Amino acid sequence: MNRRKTKPFSADFWVKAFAYFLIAFLAIACLYPLIMVLSVSFSDNTAVTKYGYSAIPQDFSTDTYLYLFVHSGTRILRSYAVTICITIIGTILSMIITSMISFALSIRALKYRNQIAYICNFTIIFSAGLIPWYYVCTNWYHLTDSYAGLILPTVFSVWSMFLMRTYFDAVPQSLYESAKIDGASYMKIYVSIAIPLCKTAMLTVGLMYALGYWNDWWNALMFINDRDKFPLQYFLYNILSNVNAISSGRVPSGAAANIKLPSETVKMAVTMITIGPIIFLYPFIQKYFVDGIMTGAVKE
Amino acid sequence: MKKKLSLLLAATMLVSCLAGCGGTTETANTSSSSSESTATTASDSTEAAATPSGEVSTVVILYPGEETDAMANFINNQLNPRLAEEAGIQVEMLYKGWDQYWDQKGVMLAANQRIDLYWDGLPDLSSMVNASQCQPLDDLIKENCPDMLKVIPESQLAGGVVNGVQYGIPSAYAPSSCMFQLVCLRQDILDAVGMTDVKTADDLKEYATKAKEQFPELKGPADIIFKPLTRNFADEQYTWCAYGDSVVYGEETKKAYDYFETDAFKEVAKFNQSMYEAGLYNDELTTNYNERDSRMQQGTYLWVEGSLGKENEIITSVRGNAPDAVLKSYLLNPTADKYITACGGEVLCVPYSAENPAGAMKFLNWIYKNQENYLFALYGPEGENYDVVDGRIQLKDPAFEGYFYEWMFRNANYTMFTTDISDDFIKTYESWDDNAKTSDVIAFHFDNSNVLEIETDCNEVIKQEFTPIECGYVDFDTNYPVALEHLKAAGIDEYVAEVQRQLDEFFAANGYNH
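If you read the sequences in order, they're chains A and B.
For what it's worth, our numbering labels the leading residue of the first sequence as 1, then goes sequentially.
For what it's worth, our numbering labels the leading residue of the second sequence as 301, then goes sequentially.
Simulated from the structure, these hints should not be mistaken for laboratory data.
A couple of the hints might just be wrong.
[Claimed, not checked] Only some residues are given here: those of chain A computed to face chain B with a beta carbon under 10 Å:
| no. | residue |
| --- | --- |
| 1 | T46 |
| 2 | T49 |
| 3 | K50 |
| 4 | I131 |
| 5 | Y134 |
| 6 | Y135 |
| 7 | N139 |
| 8 | T144 |
| 9 | M222 |
| 10 | Y237 |
| 11 | N242 |
| 12 | V243 |
| 13 | I246 |
| 14 | V251 |
[Claimed, not checked] Covered stretches of chain B, going by a simulated chain A footprint (3 or more residues, C-beta under 8 Å):
| no. | region |
| --- | --- |
| 15 | 392-402 |
| 16 | 411-419 |
| 17 | 589-596 |
Nothing here was measured: the structure is a model prediction, and the numbers come from that model.
Even for Gly, the Cβ is constructed at its ideal location relative to N, Cα and C.
Assemble the whole structure, with the sequences as input and the hints as a guide.
And the structure:
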């Protein structure tokens, strides 16, 4: 049987062309600032001060990166190490705690599970505020100047718990019941059935936690005084914070004159150091998200 | 049954929350505790800090800025051994970056974190007292600071008195008349355009115009310099005496005024507008007003507002970008009287949560005991980072920034200039306050607790409407009447009346006859 080729409508062509154009425009609009940041970080500071930002590096120079890494000595490398360790340990701990409580709350046989969920919900809506939280963390939990202070305050997110609970709720209870009949404990069911079936949720929540730990500087600001324990983001935040301080106008004249403001190239280099690893890593992780989402998309 | 259980759970949560709000004997008193109980705590601490001989007590100092390796090494290996031997104390520095310093200070003091000594701006002392962030120091100073009292006179200490109680130590004691009324400008550019002096606002305009013609790559003034311009246009000295820029005290008329209704303000606004219209001001002077110092340090701007010594503070940074730069400060309307309007700009305080307030006072007393200690704290031991040559400090490395901030602990009795400071400046410095008058409001601290809401409303109008007018960014004739109407509606008259009332009380209490 011959198949007749359908003549494409000219309207389709124009719609397609417009769609491609719009997407390309949005992609360039998103990419251009990143290119600008990268370009300025590799430019000579005097040229940037005189001529402004440019997409092409002006008087190409790696002095800024050398300054940051050499001037900081081993500190920036130590900060990297602290951040990587905190991210890995914190993410694993957060995932264990969050997935366990989510799984437990998804078991219909759990008594008072709704009450427990209600208590968790309560903390989303009501909060004691900054000072009581700080008071509890420092005076009761003694998190000052400890690595635990970088992990424990944000080890559990109720939002992530509800997200994971939704996924666990979608797993047929009959699977758990049949496993129980076969003699499996709840721990066995959690490890062997629930977790494998909710890979997408695990990856999604895991990435959220990992990004949260990677980008966190707030806990370091509140609890860490020892420079050896500064995570990367707080270390870099300190380099840039003087800009905000000067802008606020609160810094006294004598101090303002002596505050070293980072140059434009330093600001951009710090930005690249901060986001660089995530930009490199994300494309490798992204395919797992796509696979995970697509796995759940086809229903036959 | 389930409903009852839910209610029980909610009640348990509520009770545990309320229980958590209560203090225990182990926790320090909260700021809402009466001052009597905290005074008792302070005196107990004083006794506790009088350690037996041989024991060294720790003083925790909250310090703005970042820790450096050099500073850490100095504190641990040089300063603390000396302090331990000579004063029985050692310091533990708690650094908080400038951006977060004030927020962190507030949180830490509210949570009764241990801080024995901290710095803040002297103009904020009144609000710190209202927030119970500093304890009375009268007895502590008397018992622990005999040497400090020799170099910080009563007149300077009076700046730290609020309602008759010494709550802070105004630590920056130095010639200070005409504070923020000087114009620090590029002298090399002034010479290049053929001018020799700047005494009036018109001279400044001429300088900016000629500089623009001859040096088009420069970006003009870095600052709208409203305080020097106010001095230029006012008939009498106006001293700012409340929060922000809203209220001034006329030193000759002896009254408080809304600054934005004075003729001087109108002249300042019109002058700045003319500078904009002539293309001599950039937009960032208005939009990024607070970054004036950092603009000046870029080396491409002409002038910035300052106080005595401004040129020395920023010359290194300016020359980093403009190696041939020369800075000099000028006083507009130089024949008008000079006034000392403040006991410096810095204050050192001891919070109620301090565990070693006596130790904190001993630390300050040690610094001010003699010039050798003072220079040691600022620059380290002589011979290591500097030498003293003909009464001047010769730095071994010009990039050396010192240890404790000089501006925080400045004392005219001990100040020693570096070799790059000109003899002319030193001569000016030493005689700067000679013919200066002391402002009536030098030790006045305005308590805004009665007018907090009005102050907030007025500051909002000032920020949104008067700042662009003051900077000359918008047309004066069109915008000023509307802005003034809004300021009146915000309650500026009541605010000024409250300032005047407190001034009258202050004058009566201090024996002023006006």
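### Query
Against the structure shown, which of the earlier numbered hints fail to hold, in ascending order?
none
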